[in-house]
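All chains, full assembly: derive it from the sequences and hints.
From first to last, the protein sequence lines are chains U and Z.
Numbering follows numbering that gives the first Met the number 0, with no gaps: position 285 of the first sequence is 284.
Numbering follows numbering that gives the first Met the number 0, with no gaps: position 166 of the second sequence is 165.
Errors might be hidden in some of the hints.
Computed, partial: chain Z to chain U, Cβ under 10 Å [unchecked claim]:
id: 1; residue: C192
id: 2; residue: I193
id: 3; residue: L325
id: 4; residue: G329
id: 5; residue: G369
id: 6; residue: L371
id: 7; residue: L375
id: 8; residue: A379
No wet-lab data here; the hints were simulated from the structure.
Fair warning: this is a prediction, and the values are worked out from it, not measured in the lab.
Even glycine gets a Cβ: it sits at the ideal position worked out from N, Cα and C.
Below, each chain spelled out in residue letters.
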Amino acid sequence: MQLTPRIRFISFAVVTVAALAIAATVFLQAAGEERRARSIEADPAERTDVASMTATGPYIVFRHAADDADWGKVAMVPVADPGGPRAVLPQRCERVAAAREEPGRLSCLDAGDGVLPSLQLRTIGGTDFGALGDVGLAGIVASRTRMSAAGTRASSTTFVTGDSYQHTGEFSTRTRIYDVAADGSPDLSDSVDLEELDVFLDGEPRDEEARNFWGVTFESERTFFVTMGVGDDTWLMHGDLDEGRLDTVTDDVECPSISPDGSHLAFKRRTAAGDGWRFEVMDLESMTTTVLGETESVDDQLAWLDDDTVMYAKARPSQRADRPRVFDVYAADIDGSPPRLLIAGAESPTVVDAT
Amino acid sequence: MYRAESPAVAIAAPIERSRPRAARVSSTVLALGAVSLLTDISSEMVAAILPLYLTTTVGLSPLAFGLTDGLYQGVTVLVRLLGGWWSDRAGRSKLVCLVGYGMSAVAKPFYLIASGVAGISSIVAFDRFGKGLRTAPRDAMIVAAEPTHRLGRAFGIHRAMDTIGAMAGPLLAFWMLSVVPRGYRPIFIVSACIAIIGVGVLWAFVPGRAAPVVRAEPRTRRRALVPPERSRHFRRLLVVAGALSVVTVSDGFVFLVLQTRTDMDTRLFPLLFLGTAMAYFALSIPTGMLADRFGARTVYLAGHTLLIVVYMLLMRASGAGTTFVLVTIGLLGAYYACTDGVLAALVGSIAPAESRATYLGATQTVVASGRLVSSLAFGALWPGRDDQTGLLWFAWGMAGAIALALFFLPSLVPASADDEER
Numbered sequence: 000m001q002l003t004p005r006i007r008f009i010s011f012a013v014v015t016v017a018a019l020a021i022a023a024t025v026f027l028q029a030a031g032e033e034r035r036a037r038s039i040e041a042d043p044a045e046r047t048d049v050a051s052m053t054a055t056g057p058y059i060v061f062r063h064a065a066d067d068a069d070w071g072k073v074a075m076v077p078v079a080d081p082g083g084p085r086a087v088l089p090q091r092c093e094r095v096a097a098a099r100e101e102p103g104r105l106s107c108l109d110a111g112d113g114v115l116p117s118l119q120l121r122t123i124g125g126t127d128f129g130a131l132g133d134v135g136l137a138g139i140v141a142s143r144t145r146m147s148a149a150g151t152r153a154s155s156t157t158f159v160t161g162d163s164y165q166h167t168g169e170f171s172t173r174t175r176i177y178d179v180a181a182d183g184s185p186d187l188s189d190s191v192d193l194e195e196l197d198v199f200l201d202g203e204p205r206d207e208e209a210r211n212f213w214g215v216t217f218e219s220e221r222t223f224f225v226t227m228g229v230g231d232d233t234w235l236m237h238g239d240l241d242e243g244r245l246d247t248v249t250d251d252v253e254c255p256s257i258s259p260d261g262s263h264l265a266f267k268r269r270t271a272a273g274d275g276w277r278f279e280v281m282d283l284e285s286m287t288t289t290v291l292g293e294t295e296s297v298d299d300q301l302a303w304l305d306d307d308t309v310m311y312a313k314a315r316p317s318q319r320a321d322r323p324r325v326f327d328v329y330a331a332d333i334d335g336s337p338p339r340l341l342i343a344g345a346e347s348p349t350v351v352d353a354t
Numbered sequence: 000m001y002r003a004e005s006p007a008v009a010i011a012a013p014i015e016r017s018r019p020r021a022a023r024v025s026s027t028v029l030a031l032g033a034v035s036l037l038t039d040i041s042s043e044m045v046a047a048i049l050p051l052y053l054t055t056t057v058g059l060s061p062l063a064f065g066l067t068d069g070l071y072q073g074v075t076v077l078v079r080l081l082g083g084w085w086s087d088r089a090g091r092s093k094l095v096c097l098v099g100y101g102m103s104a105v106a107k108p109f110y111l112i113a114s115g116v117a118g119i120s121s122i123v124a125f126d127r128f129g130k131g132l133r134t135a136p137r138d139a140m141i142v143a144a145e146p147t148h149r150l151g152r153a154f155g156i157h158r159a160m161d162t163i164g165a166m167a168g169p170l171l172a173f174w175m176l177s178v179v180p181r182g183y184r185p186i187f188i189v190s191a192c193i194a195i196i197g198v199g200v201l202w203a204f205v206p207g208r209a210a211p212v213v214r215a216e217p218r219t220r221r222r223a224l225v226p227p228e229r230s231r232h233f234r235r236l237l238v239v240a241g242a243l244s245v246v247t248v249s250d251g252f253v254f255l256v257l258q259t260r261t262d263m264d265t266r267l268f269p270l271l272f273l274g275t276a277m278a279y280f281a282l283s284i285p286t287g288m289l290a291d292r293f294g295a296r297t298v299y300l301a302g303h304t305l306l307i308v309v310y311m312l313l314m315r316a317s318g319a320g321t322t323f324v325l326v327t328i329g330l331l332g333a334y335y336a337c338t339d340g341v342l343a344a345l346v347g348s349i350a351p352a353e354s355r356a357t358y359l360g361a362t363q364t365v366v367a368s369g370r371l372v373s374s375l376a377f378g379a380l381w382p383g384r385d386d387q388t389g390l391l392w393f394a395w396g397m398a399g400a401i402a403l404a405l406f407f408l409p410s411l412v413p414a415s416a417d418d419e420e421r
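This is how it looks when you write it as structure tokens:
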């Protein structure tokens with residue numbers, strides 16, 4: 000075919016248009032993602048007072064994780080308006096959890112201000128949300144905390160060695176469950192280190208030298224679920240405080256969280272490649288599992304917004320170096336639908352649902 | 000050139016003389032200018048962010064980055080001669096240009112995939128190989144497209160368009176980064192797309208050789224194709240160009256001296272390059288036309304005397320103000336305007352048609368090598384003594400080189416008389 004100037008020109012025009020289209024698409028797509036990330040970053044600056052929060056129905060207690068002066072403080076938003084103004088308490092916590100049916104009862108893991116780690120479990124509560132009591136914790140990095148629904152038990156998990164769950168067998172944790180007295184203070188003398196309990200694997204007693212426990216979730220004021228790690232294996236355990244025993248439920252899942260009505264258990268399961276986790280929910284009656292809609296690997300203990308929705312915190316991708324870590328809380332339906340942003344600039348969420 | 004044999008032409012001649020001076024520049028030169036403009040946008044937008052990308056995202060150590068940077072500067076030196084020789088031997092400048100521009104265009108996205116020193120170095124080498132390959136044949140095509148007495152202006156126009164691209168590239172990169180911070184992927188892809196459009200312009204709008212060029216039979220190739228005087232002229236020109244480039248302080252050092260001596264805000268550093276480029280752009284065409292009028296040699300050497308002024312200004316730069324800096328980089332830009340395109344015009348006018356690209360490639364190689372030596376020399380002098388001494392030596396060296404040039408190159412009249420091809 001003779002390449003006449005006309006053909007050359009037309010070919011050139013086609014190639015140019017295609018190249019410009021590709022260039023524009025790639026750039027606009029990147030710009031769009033940036034804009035989306037920025038809009039999430041536009042954290043609500045509005046604050047409101049605590050009283051208005053606790054008076055208007057269920058609210059979510061969380062750790063404020065936006066890059067501003069209140070970073071790390073305990074905060075609350077109403078379940079009805081999680082994107083709206085939040086009430087911020089003066090206390091700073093590494094993790095915070097509420098007793099679902101006991102308003103004015105929070106457990107807080109506090110790292111302290113000093114250079115050397117001095118972890119404490121502190122309970123916060125009362126109408127003014129002041130400190131009710133605290134106990135010292137072993138370990139160097141705070142990890143998980145939960146309260147039972149009625150607020151009579153609190154749990155803490157800390158890292159003694161290591162600081163991440165990423166590599167099974169390469170960290171050591173310490174987990175305790177405390178009695179919380181009527182005045183709201185945690186009682187160290189009336190607490191149990193889970194490593195003291197008897198472990199039964201499929202009904203057979205087991206005496207392991209080295210066990211790790213992490214991620215307690217309270218099924219009732221006496222019973223709970225927890226993760227147990229032995230060597231490279233992880234187990235989901237069901238614990239009974241009155242009988243002082245732990246029984247295996249299943250394996251390979253971590254950080255369980257039980258739904259408010261007790262019908263479902265949410266947890267994270269290691270991927271086959273071993274390089275992360277996926278969130279799943281198990282129906283405790285049928286023992287069937289549904290994979291949740293979150294496609295990324297997130298290292299968090301799920302919490303329940305209601306009987307059909309879980310919450311968790313994800314680190315924001317556009318992290319600036321040497322700025323405090325910013326997180327956002329996402330909500331996902333347990334039917335596997337894609338997650339949605341629930342609270343910008345937040346982590347460690349739990350719900351207070353006292354009606 | 001006018002062939003005044005036929006009466007028709009003789010009658011036409013006086014009418015031609017009374018036409019306005021500004022005859023139209025050939026579309027080939029404009030198209031090649033557009034290709035260079037687009038390609039420079041593409042390569043300069045990558046060059047602007049490459050140090051940052053390699054050290055942060057790819058995670059190269061300073062030593063590894065130094066290696067890639069050295070490759071970036073050095074690969075073209077060797078390849079230019081190859082490009083010129085190949086295009087002359089094959090008789091197909093346009094094809095060699097297409098290969099060269101094409102190589103650089105397709106290399107761009109691979110920066111995103113390559114990892115580690117070896118990978119990045121390969122991409123840099125490939126990218127810059129393409130650049131070296133195409134520069135000589137491109138200049139040869141410009142020479143072929145314009146009559147000798149308008150070569151200065153033609154190169155001026157081409158260099159001016161080229162410089163627009165060189166200025167727009169970093170600006171585009173910085174704008175894209177402002178919209179998408181750390182968005183390197185869009186930059187490499189947009190760069191590749193723009194480079195491909197440049198290749199398209201070359202392919203669609205620049206004519207290839209209409210008829211095969213008279214290619215010498217292999218056996219005569221070994222003998223000098225050109226009359227001995229012409230090759231002797233060219234050898235002298237090479238020596239002069241090489242000597243002058245050895246005593247030319249590179250931009251990077253000029254800017255560094257300016258910045259450290261005048262305590263300039265480091266964030267304004269990139270503007271020094273921009274200012275020089277703007278002066279270069281503004282003066283390209285005027286100096287090219289001056290070269291046509293007064294001789295390329297004159298303008299070429301005058302440009303180098305400007306450099307001596309720049310060196311003396313740099314020696315007195317302590318605590319100087321904005322005007323001083325502007326004047327210095329303005330003169331630097333003027334130096335470029337008087338030398339880069341003008342030298343190409345000069346070489347193009349003495350080179351025989353079938354060896355044009357080779358001559359141009361040889362010149363570029365000599366100049367680039369001289370620059371490498373000068374960078375090493377100045378870099379060695381600077382920390383050891385201080386830049387004052389270095390600048391003084393270079394100033395004296397430049398004066399000596401210019402004197403050498405005046406002696407070695409008696410007015411090199413463009414060899415239009417014995418040039419049959421036009």
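Each hint, compared with the structure:
no.: 1; hint: C192; verdict: holds, 4 Å
no.: 2; hint: I193; verdict: holds, 7 Å
no.: 3; hint: L325; verdict: violated, 34 Å
no.: 4; hint: G329; verdict: violated, 34 Å
no.: 5; hint: G369; verdict: violated, 37 Å
no.: 6; hint: L371; verdict: violated, 35 Å
no.: 7; hint: L375; verdict: violated, 36 Å
no.: 8; hint: A379; verdict: violated, 36 Å
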